[in-house]
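J.: The listed protein sequences derive, respectively, from chains A, B, C, D, E and F. Per this note's numbering, numbering through the first sequence is continuous, rising by one, with the last residue being 477. Per this note's numbering, numbering through the second sequence is continuous, rising by one, with the last residue being 477. Per this note's numbering, numbering through the third sequence is continuous, rising by one, with the last residue being 477. Per this note's numbering, numbering through the fourth sequence is continuous, rising by one, with the last residue being 477. Per this note's numbering, numbering through the fifth sequence is continuous, rising by one, with the last residue being 477. Per this note's numbering, numbering through the sixth sequence is continuous, rising by one, with the last residue being 477.
Because the hints were derived from the structure by calculation, they are not lab data. Backbone N, C-alpha and C define an ideal beta-carbon position, used for all residues, glycine too. Don't take each hint at face value.
Which stretches of chain E does chain F cover? Using the computed rule of at least three CB atoms under 8 Å from a CB of chain F, they are [unchecked claim]:
{"hint": "1", "segment": "338-346"}
{"hint": "2", "segment": "399-413"}
{"hint": "3", "segment": "464-473"}
Number of protein chains: 6
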Amino acid sequence: MTSIGKTAILYTLAASASDEEIRAQAMETGYSLIKGKVGSMSTEKIFAAVETAAQREGLIRKDFYRDTHSLYHATLDAYVSICRGQLGLGNMLRTVGLIFTVVRGPRTTEQLEDGEWLAVVLYGMIGAPVKGYEHETIGMGLNHL
Amino acid sequence: MTSIGKTAILYTLAASASDEEIRAQAMETGYSLIKGKVGSMSTEKIFAAVETAAQREGLIRKDFYRDTHSLYHATLDAYVSICRGQLGLGNMLRTVGLIFTVVRGPRTTEQLEDGEWLAVVLYGMIGAPVKGYEHETIGMGLNHL
Amino acid sequence: MTSIGKTAILYTLAASASDEEIRAQAMETGYSLIKGKVGSMSTEKIFAAVETAAQREGLIRKDFYRDTHSLYHATLDAYVSICRGQLGLGNMLRTVGLIFTVVRGPRTTEQLEDGEWLAVVLYGMIGAPVKGYEHETIGMGLNHL
Amino acid sequence: MTSIGKTAILYTLAASASDEEIRAQAMETGYSLIKGKVGSMSTEKIFAAVETAAQREGLIRKDFYRDTHSLYHATLDAYVSICRGQLGLGNMLRTVGLIFTVVRGPRTTEQLEDGEWLAVVLYGMIGAPVKGYEHETIGMGLNHL
Amino acid sequence: MTSIGKTAILYTLAASASDEEIRAQAMETGYSLIKGKVGSMSTEKIFAAVETAAQREGLIRKDFYRDTHSLYHATLDAYVSICRGQLGLGNMLRTVGLIFTVVRGPRTTEQLEDGEWLAVVLYGMIGAPVKGYEHETIGMGLNHL
Amino acid sequence: MTSIGKTAILYTLAASASDEEIRAQAMETGYSLIKGKVGSMSTEKIFAAVETAAQREGLIRKDFYRDTHSLYHATLDAYVSICRGQLGLGNMLRTVGLIFTVVRGPRTTEQLEDGEWLAVVLYGMIGAPVKGYEHETIGMGLNHL
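Go ahead and model the full structure; you've got the sequences and the hints to work with.
T.: Now the structure itself:
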């Protein structure tokens, strides 16, 4: 059994070299998935990077607000987590360098009747705007599509 | 290069069969790590399970409040993340079934001079108190020891 | 043009005598709607009352977690609003007496192609557990179904 | 019996054509009320629009900080609600188009001895900065004057 | 010049021996003030202790909800601060031992025309339910009466 | 017995004339302490002012991220408290004029074996960007070093 969240987390943390293999395996079991990078002190750039990539790769339909709405809240949940509840980046003198992943598919490969879901994972470094003054952080949001 | 957060996340998500192998490898590079399970509608049981396990396995010193303080805030950060900012479990009619991991060691294997850190990962299912009415969630807190 | 949120708010605030009329009118334009009451110092009773009523009246399908998930988060958003961000009732020495409404249908009667949405409105009194020591509060959560 | 919150909500949602009628009726029972519009990605513009209108129309006294303080916190409570706890607009890649109402008067027309209160209602659309990619939201703050 | 907040903080931190002296001095400049103790893992006991003491000593009028409302929100602000944003005590496996102070009077002794305000200060220890596993915390809420 | 938090609060509130005396006394019992001022509508300036002063005066070591990390979270806790949970300054149309203090030393003078801690206190005025439209606020964060 595979699940959408685990797929998203492991794809995010995989070395680039394994990306194609994981992607191929996941697609066989019914998942679509994309991966990207974003570094910024501006929160809105994280939201924009995730949404743009998900639309471009066809993980959400551009013409249906409900798809954008679902992705927005999954991204917001992931963002709340990397901030650990106190929202803000540059305005709180901190910056992030993140890998993001969006996965679309069933909650688990044994729950197909429950329809499609989205998982957004943000993983990377959060810290002061000084090289090396940072530590890891992860956040994941799941939402029904 | 290995990092404390990635080590914690991958150990959490690993199938039980791989536990010993990952643990041995991590210990070679300077990490101590433990893994446990907790399912509850009571938030305090999560805090208690993590702390008890970390003390018993010697990841934090029982007689130094600063160790307990460091672990508490790492656990709180992880908890805030699995709740995605809105704190509460049973009182908000939801329950969790979690695997937790605590890792102690350097931020990365290339930053030994920066001393020891703790990583707490909570991963599992969150949802209604009805079988199968749940989805995955993850949270991680890092703190200097 | 009618919208799901406005329909939910006005139905919540209507005098009982007008309930049937509003309900009939809303159903003609494509909305299903229910109304109930809940008074408590326990947050979970609000969630339970809304979910039970919505399932019983068929506004969400009992056998699909995605419906329950959508309703849960709409209710959570409404709850966050009546608490104005600081979550808690009895544990913070306050109590609520609420009317709740759940509406299912299109975002507006001109956006049928965007599928079905849920609106949850909580409206009533919040205050000290002393008769008359209370004031009004409202919260609304919207979610795609 | 009429209450300050219900008066504020219904005035906010009324079609412009009914504004004068509602206003006249409310004033007879002891309420002063104003209504305005604000659309922005900048949170401070919402606070400024509400305060400026309330001062200009004499709902709060400009020379007494306590009046401004009361209005500020009523507006903050309403703002927390339209954001559903996660504060931010443009910085989180979302925008609002709102109608706002400020009402001044007794908590209810049967509680005159309890002095004057303020109600602030914000109602409108929240969503992506793309036409039509938005849904309704409402927030209300009440405070003693 | 004396201010309500500074008066409240210094009275809270004063050794018991100085209480009467500070109280007499503050009352001369127009402040009423009380001091008490509360230790608990239950948040509601803090609210109850502060309210009961303030009513008994006549700092707020028992028969006017607006006074209770003002005190409640000042106490809530102080409580949010001692929790540093993540609300909860026993449910998050932590406990507090607090001194609380309520002061009533002008914002400063030079701003008499602005009417009466309330200040609530909570100061003490927060930590694990283990002797000595705790550190200091302070919170203050101010509100117009 | 002296404690780090009380030392920090009383140093912050002391009239400038007493600064040297308090500082000398505190240093005798094992505390290092600094005091500064910052006024701004930009949250990041508060973080920058506290960090710069603490580094310059040697309260934290510039070359060890763990020191910066400890100070950052102590400052964040203090900041959350002066905002009373709803984070934001200029973006919420409010401004602060603050005195800040950083103290380094044992939790109390009787708990030397528990190592060094940091206390950050922010105290001053918060309010509208209009002269005199403001009231006092305080926040304190403690962290192990």
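J.: Now look at each hint and say whether the structure bears it out.
T.: Right, here's what the structure says about each hint:
{"no.": "1", "hint": "338-346", "verdict": "holds (count 4)"}
{"no.": "2", "hint": "399-413", "verdict": "holds (count 3)"}
{"no.": "3", "hint": "464-473", "verdict": "holds (count 8)"}
In terms of the numbered hints stated before, the structure departs from none.
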